[in-house]
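Top line first, the protein sequences correspond to chains A and B. The first sequence runs 1 to 113 under UniProt numbering. The second sequence runs 1 to 113 under UniProt numbering.
No lab work stands behind these hints: they were computed from the structure. Don't be surprised by glycine CBs; every beta carbon is placed ideally from N, CA and C. Fair warning: there could be bad hints in the mix.
What the hints assert, rightly or not - Derived Cβ-Cβ restraints for the label pairs, each shown as a range:
{"#": "1", "chain 1": "B", "residue 1": "Asp-103", "chain 2": "A", "residue 2": "Glu-64", "range": "38 to 46 Å"}
{"#": "2", "chain 1": "B", "residue 1": "Glu-64", "chain 2": "A", "residue 2": "Ala-10", "range": "49 to 57 Å"}
{"#": "3", "chain 1": "B", "residue 1": "Lys-36", "chain 2": "A", "residue 2": "Asp-73", "range": "47 to 55 Å"}
{"#": "4", "chain 1": "A", "residue 1": "Pro-37", "chain 2": "B", "residue 2": "Asp-46", "range": "27 to 35 Å"}
{"#": "5", "chain 1": "A", "residue 1": "Leu-4", "chain 2": "B", "residue 2": "Ala-10", "range": "35 to 43 Å"}
Protein chains: 2
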Amino acid sequence: MRQLPEPARAALTLAPVLHALGDPVRLELVRRASVKPESTCSALADGMDVPLSTLTNHWRIMREAGLISMSVDGRHRRIRLRADDLRDRFPGLLDPILRLAADESPDGGAVGS
Amino acid sequence: MRQLPEPARAALTLAPVLHALGDPVRLELVRRASVKPESTCSALADGMDVPLSTLTNHWRIMREAGLISMSVDGRHRRIRLRADDLRDRFPGLLDPILRLAADESPDGGAVGS
Chain A
1 MRQLPEPARA ALTLAPVLHA LGDPVRLELV RRASVKPEST CSALADGMDV
51 PLSTLTNHWR IMREAGLISM SVDGRHRRIR LRADDLRDRF PGLLDPILRL
101 AADESPDGGA VGS
Chain B
1 MRQLPEPARA ALTLAPVLHA LGDPVRLELV RRASVKPEST CSALADGMDV
51 PLSTLTNHWR IMREAGLISM SVDGRHRRIR LRADDLRDRF PGLLDPILRL
101 AADESPDGGA VGS
C-alpha cells in the first residue's frame with residue numbers, strides 16, 4: 001500500500017484541524033473512521049448523499065490537516081484516523097469532539113449496525 | 001446597548017462552532033475574548049495585521065455560529081465569549097481548545113501585557 005502525503009505529527013496545528021472538523025460531512029466521516037479503523041473511503045461514506053467529487057475534496061482537506069492517513073490499496077483508498085497523533089499534539093481535544101459528534105449523528109454511535 | 005442577533009443556546013451545533021474556531025485569526029480572537037471579557041472588537045484585534053473588512057467578517061461568522069455575543073455600545077461593538085452556552089451545549093470542548101490555542105498563541109496566555 002502506498003500512503004498519500006500527510007503532515008508529520010509535530011507539524012500539526014490547531015486551526016486547520018478544527019477547520020477540517022468544522023463541516024457536518026467531515027465530522028461524520030471522522031466519527032465513522034474512529035469506530036471503523038482501516039475502512040475504505042466508500043464504506044465510510046456509505047449512505048451519505050454527497051457527490052464523489054465533494055467527498056474527494058473532504059478527504060483531501062482532512063488528510064492535509066492531519067486528521068487522517070490515506071493509503072492506496074489497489075482500487076481502494078483506506079482511511080485511518082490519526083488518533084494517536086491528534087491525542088499527542090492536542091491533548092483533550094479529540095475525545096470530546098468524537099463524543100459530541102456521536103451525540104449529534106443520525107447514526108448515533110452505531111455506524112453500520 | 002443593542003445586542004446583535006445570535007442563535008439560542010439550544011440551536012448551537014458542533015460543526016459550525018468548530019468551523020468558526022477553525023481559522024487562526026478567529027481562534028486567537030476567541031482566546032483573547034476568553035481572557036478579556038466585554039472588550040471591544042478593536043481592543044481584541046489590537047496588533048493583528050488583518051484588514052477591518054476581514055475582521056468584520058470573522059466576527060459575523062463567530063456570532064452566527066454562537067461563539068460570541070456582540071453588542072452595539074455607542075460607536076463600539078463589545079464582544080463576549082458565550083462560554084456558559086458553549087460549556088452547556090458542548091461539555092468538555094471549550095476549555096481544551098482555549099488551552100491549546102494559548103499554547104500556540106504568539107502572545108501565550110498573556111494578552112495585552
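Practice task
With respect to the beta-carbon atoms only, verify the hint that B:Glu-64 and A:Ala-10 lie 49 to 57 Å apart.
Solution key: 34 Å, violated
Problem - Supplied distance hint 35 to 43 Å, evaluated on CB atoms of A:Leu-4 and B:Ala-10 - result: Hint holds: Cβ distance 40 Å, inside 35 to 43 Å.
Practice task
Could you see if the CB distance from A:Pro-37 to B:Asp-46 stays within 27 to 35 Å?
Solution key: 45 Å, violated
Exercise for the section: Return holds or violated for the Cβ distance of B:Lys-36 and A:Asp-73 against the range 47 to 55 Å. Expected result: 50 Å, holds
Exercise for the section: Mind checking the hinted window 38 to 46 Å against the Cβ distance between B:Asp-103 and A:Glu-64? Expected result: Taking Cβ atoms as reference, B:Asp-103 and A:Glu-64 lie about 22 Å apart, which means the hint is violated.
In this structure, the hints that do not hold are numbers 1, 2 and 4, in rising order.
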